[in-house]
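Q: From first to last, the protein sequence lines stand for chains A and B. With the working numbering applied, the first sequence covers 1 to 174. With the working numbering applied, the second sequence covers 1 to 270.
Please note that the accuracy of each hint is not assured.
Keeping only pairs whose Cα atoms sit at most 30 Å apart, straight-line, the calculated DSSO-like set for lysine-lysine is [as the list claims (entries may be wrong)]:
{"no.": "1", "chain 1": "B", "residue 1": "K31", "chain 2": "A", "residue 2": "K161"}
{"no.": "2", "chain 1": "A", "residue 1": "K112", "chain 2": "A", "residue 2": "K173"}
{"no.": "3", "chain 1": "A", "residue 1": "K169", "chain 2": "A", "residue 2": "K112"}
{"no.": "4", "chain 1": "A", "residue 1": "K105", "chain 2": "A", "residue 2": "K170"}
{"no.": "5", "chain 1": "A", "residue 1": "K105", "chain 2": "A", "residue 2": "K169"}
{"no.": "6", "chain 1": "B", "residue 1": "K214", "chain 2": "B", "residue 2": "K132"}
{"no.": "7", "chain 1": "A", "residue 1": "K46", "chain 2": "B", "residue 2": "K225"}
{"no.": "8", "chain 1": "A", "residue 1": "K16", "chain 2": "B", "residue 2": "K66"}
{"no.": "9", "chain 1": "B", "residue 1": "K225", "chain 2": "B", "residue 2": "K132"}
{"no.": "10", "chain 1": "B", "residue 1": "K233", "chain 2": "B", "residue 2": "K187"}
{"no.": "11", "chain 1": "A", "residue 1": "K46", "chain 2": "B", "residue 2": "K66"}
{"no.": "12", "chain 1": "A", "residue 1": "K105", "chain 2": "A", "residue 2": "K46"}
{"no.": "13", "chain 1": "A", "residue 1": "K46", "chain 2": "B", "residue 2": "K227"}
{"no.": "14", "chain 1": "B", "residue 1": "K214", "chain 2": "A", "residue 2": "K161"}
{"no.": "15", "chain 1": "B", "residue 1": "K214", "chain 2": "B", "residue 2": "K233"}
{"no.": "16", "chain 1": "B", "residue 1": "K227", "chain 2": "B", "residue 2": "K181"}
{"no.": "17", "chain 1": "B", "residue 1": "K142", "chain 2": "B", "residue 2": "K132"}
{"no.": "18", "chain 1": "B", "residue 1": "K187", "chain 2": "B", "residue 2": "K224"}
{"no.": "19", "chain 1": "B", "residue 1": "K31", "chain 2": "A", "residue 2": "K46"}
{"no.": "20", "chain 1": "B", "residue 1": "K181", "chain 2": "B", "residue 2": "K132"}
{"no.": "21", "chain 1": "A", "residue 1": "K105", "chain 2": "A", "residue 2": "K16"}
{"no.": "22", "chain 1": "B", "residue 1": "K142", "chain 2": "B", "residue 2": "K214"}
{"no.": "23", "chain 1": "B", "residue 1": "K266", "chain 2": "B", "residue 2": "K233"}
{"no.": "24", "chain 1": "B", "residue 1": "K187", "chain 2": "A", "residue 2": "K105"}
{"no.": "25", "chain 1": "A", "residue 1": "K16", "chain 2": "A", "residue 2": "K169"}
{"no.": "26", "chain 1": "B", "residue 1": "K214", "chain 2": "B", "residue 2": "K266"}
{"no.": "27", "chain 1": "B", "residue 1": "K266", "chain 2": "B", "residue 2": "K225"}
{"no.": "28", "chain 1": "A", "residue 1": "K46", "chain 2": "B", "residue 2": "K266"}
{"no.": "29", "chain 1": "B", "residue 1": "K181", "chain 2": "A", "residue 2": "K105"}
{"no.": "30", "chain 1": "A", "residue 1": "K112", "chain 2": "A", "residue 2": "K16"}
Hints were generated in silico from the structure; no laboratory data involved.
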Amino acid sequence: MGHLDHLYRVAVHLVKETQEAEDLVQEAYVRALGSYEQFSPGSNLKAWLTRILYNFFIDDYHQKRRWVSIEDGAAEKEASSYWERVPAENPGPENRLLLKELKSKISDALGKIPEEFRLPIVLVDMGDFSYLEAAAILSCPVGTVRSRLSRGRRLLHNQLKEYVATEEKKRAKQ
Amino acid sequence: MKCEDARELITALVDEELSGAERFSVEGHLKDCLRCRFVYEEEQALKREIGAAGFRLSASPELRSKILSDRRIFPGPERSSGSWTKRILPAWPFPRPALALALAVVLILPMLYFMRTPSEPISLAAVEIQRKIIGGEISVRKASNPDELRQWQVRAVNGEFAPMEYDLSSMNMLPAGGVVKEINGRKTLVTVYTGNGLTITCFTFLGTEEDAPKIASVFFDAEKKMKFYSFSKDGLNAVLHRERSIICILVSNISGDELLAMVRAKVQPS
Numbered sequence: 001m002g003h004l005d006h007l008y009r010v011a012v013h014l015v016k017e018t019q020e021a022e023d024l025v026q027e028a029y030v031r032a033l034g035s036y037e038q039f040s041p042g043s044n045l046k047a048w049l050t051r052i053l054y055n056f057f058i059d060d061y062h063q064k065r066r067w068v069s070i071e072d073g074a075a076e077k078e079a080s081s082y083w084e085r086v087p088a089e090n091p092g093p094e095n096r097l098l099l100k101e102l103k104s105k106i107s108d109a110l111g112k113i114p115e116e117f118r119l120p121i122v123l124v125d126m127g128d129f130s131y132l133e134a135a136a137i138l139s140c141p142v143g144t145v146r147s148r149l150s151r152g153r154r155l156l157h158n159q160l161k162e163y164v165a166t167e168e169k170k171r172a173k174q
Numbered sequence: 001m002k003c004e005d006a007r008e009l010i011t012a013l014v015d016e017e018l019s020g021a022e023r024f025s026v027e028g029h030l031k032d033c034l035r036c037r038f039v040y041e042e043e044q045a046l047k048r049e050i051g052a053a054g055f056r057l058s059a060s061p062e063l064r065s066k067i068l069s070d071r072r073i074f075p076g077p078e079r080s081s082g083s084w085t086k087r088i089l090p091a092w093p094f095p096r097p098a099l100a101l102a103l104a105v106v107l108i109l110p111m112l113y114f115m116r117t118p119s120e121p122i123s124l125a126a127v128e129i130q131r132k133i134i135g136g137e138i139s140v141r142k143a144s145n146p147d148e149l150r151q152w153q154v155r156a157v158n159g160e161f162a163p164m165e166y167d168l169s170s171m172n173m174l175p176a177g178g179v180v181k182e183i184n185g186r187k188t189l190v191t192v193y194t195g196n197g198l199t200i201t202c203f204t205f206l207g208t209e210e211d212a213p214k215i216a217s218v219f220f221d222a223e224k225k226m227k228f229y230s231f232s233k234d235g236l237n238a239v240l241h242r243e244r245s246i247i248c249i250l251v252s253n254i255s256g257d258e259l260l261a262m263v264r265a266k267v268q269p270s
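Okay, chain A solo, but in the shape it has when bound (with noise of 0.2 Å):
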């Protein structure tokens, strides 16, 4: 159970309850026992879990269970805005502290953009795998990977630049 702990990772990122991602890693190993003749030996076997994970999601999570809470054309807008916010000359050093005063905040902030950008993030930066193997594993051409990914890693740093204004005016109230 090698890819136990990735398996996990990407399945808490797909479902919102610990113990449904829980559900999902062990319902996925009992689908990959199952259509196991269809491994080719060799190939990349993390991938080959993720994908069948992913569609056993899809199968029977998704309807009932989907995991949203921005709507995708608010979420265009928001990925929009990012780029016209970007500061046009020295963005100064506190903009880069920013990412590492919320570390912690990174997988709750996730969860608020929508999926179909939250999963190339979570497939490419947590998964390492290449534009072509999340491309497969969410059956989608490769331009759509990259164009997600980078749509997606708009919108998180827009939730977590929220997620700071938020807890200054916290203080301020304080």
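Go by the hints and put chain B onto chain A.
A: The following block gives chain B in isolation, referenced to the frame of chain A:
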């Protein structure tokens, strides 16, 4: 190039998924555009932090236990009562029990591998990994950027330690790639240097000099006050040394004497 057009290309550059004209084009734009350069640096930092956030998440021991005790994945022993098949088979997802058993073995074997008492010292296992890297059985992450590779490896061990680095440029050897392997339950950072038709692989992990194999010859460098352990396996030569709690093993197909001399020359006392 307009900034708008650079958006996705910057993402692909961060992920080292760009080559040729696209790479050349966006790198040229970054030289001229402060704003896009900032976006690029921010995205690089974000990617690193997302990766680190991932490593902080791991499956619970309870989940491992649940999977190991799931009879659909690991069928239990046959009971004396002849009716067990009737009870199990309605829920049994596999039409061919023999195949399922074989598949279960495929899943069990890696588990047993990690649970077993290490029969082979980590140092000899490292030589075996080097043989597999040379033979193409283990693929490594390419190091188009050695710093990026190093950061990725450090992330993989939650920043506990970093790969030992060697400047082998005088031998025209540079880091060509790397991988993180778990050997006998210990995370090991593997960096492959290539050049001049030679390959030298550096294995870095937390350990003690007890990790040297019993067959190793020990050399004490009085000047550096360090011990070096030289050994060979299957035509490959290796030298192990310790810097504080970090062990480094260099494995190569160059001769044992040459490798030992090179390591002694490159290593600085801690």
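Q: For a C-alpha distance cap of 30 Å, please report whether B:K142 and B:K214 respect it.
A: Since the Cα atoms of B:K142 and B:K214 sit roughly 34 Å apart, the hinted pair is violated (cutoff 30 Å).
Q: So if I understand the rule, the pair passes when the alpha-carbon distance is 30 Å or less; does B:K227 with B:K181 pass?
A: Holds, because 25 Å separates the two Cα atoms, which is no more than 30 Å.
Q: Is the Cα-Cα distance between A:K105 and A:K170 30 Å or less?
A: Holds - the C-alpha atoms of A:K170 and A:K105 are around 17 Å apart, at most 30 Å.
Q: What's the verdict on B:K233 and B:K187, does the C-alpha distance respect the 30 Å limit or exceed it?
A: The given pair, whose Cα atoms are some 22 Å apart, holds under the 30 Å limit.
Q: Given the hinted pair B:K225 and B:K132, is their Cα-Cα distance within 30 Å?
A: violated, 34 Å
Q: Is A:K16 close enough to A:K169, meaning Cα to Cα at most 30 Å?
A: holds, 28 Å
Q: Is the hinted pair B:K181 and B:K132 satisfied, with a Cα-Cα distance of at most 30 Å?
A: holds, 12 Å
Q: Just to be careful, I want the Cα atoms of B:K31 and A:K46 compared with a cutoff of 30 Å; is the pair within it?
A: Violated, because 38 Å separates the two Cα atoms, which is more than 30 Å.
Q: Hey, A:K16 versus B:K66, does the alpha-carbon distance stay inside 30 Å?
A: Since the Cα atoms of A:K16 and B:K66 sit roughly 20 Å apart, the hinted pair holds (cutoff 30 Å).
Q: Please work out if A:K46 and B:K66 have their alpha carbons no farther apart than 30 Å.
A: holds, 20 Å
Q: Checking one constraint from the list: CA of B:K214 to CA of B:K266, max 30 Å. Satisfied?
A: Given that 30 Å is the threshold and the Cα spacing comes to 25 Å, the pair holds.
Q: Are B:K31 and A:K161 close enough, with their CA atoms no more than 30 Å apart?
A: Holds: B:K31 and A:K161 sit about 27 Å apart, inside 30 Å.
Of the hints listed earlier, those the structure fails to meet are numbers 7, 9, 13, 14, 19, 22 and 28, in rising order.
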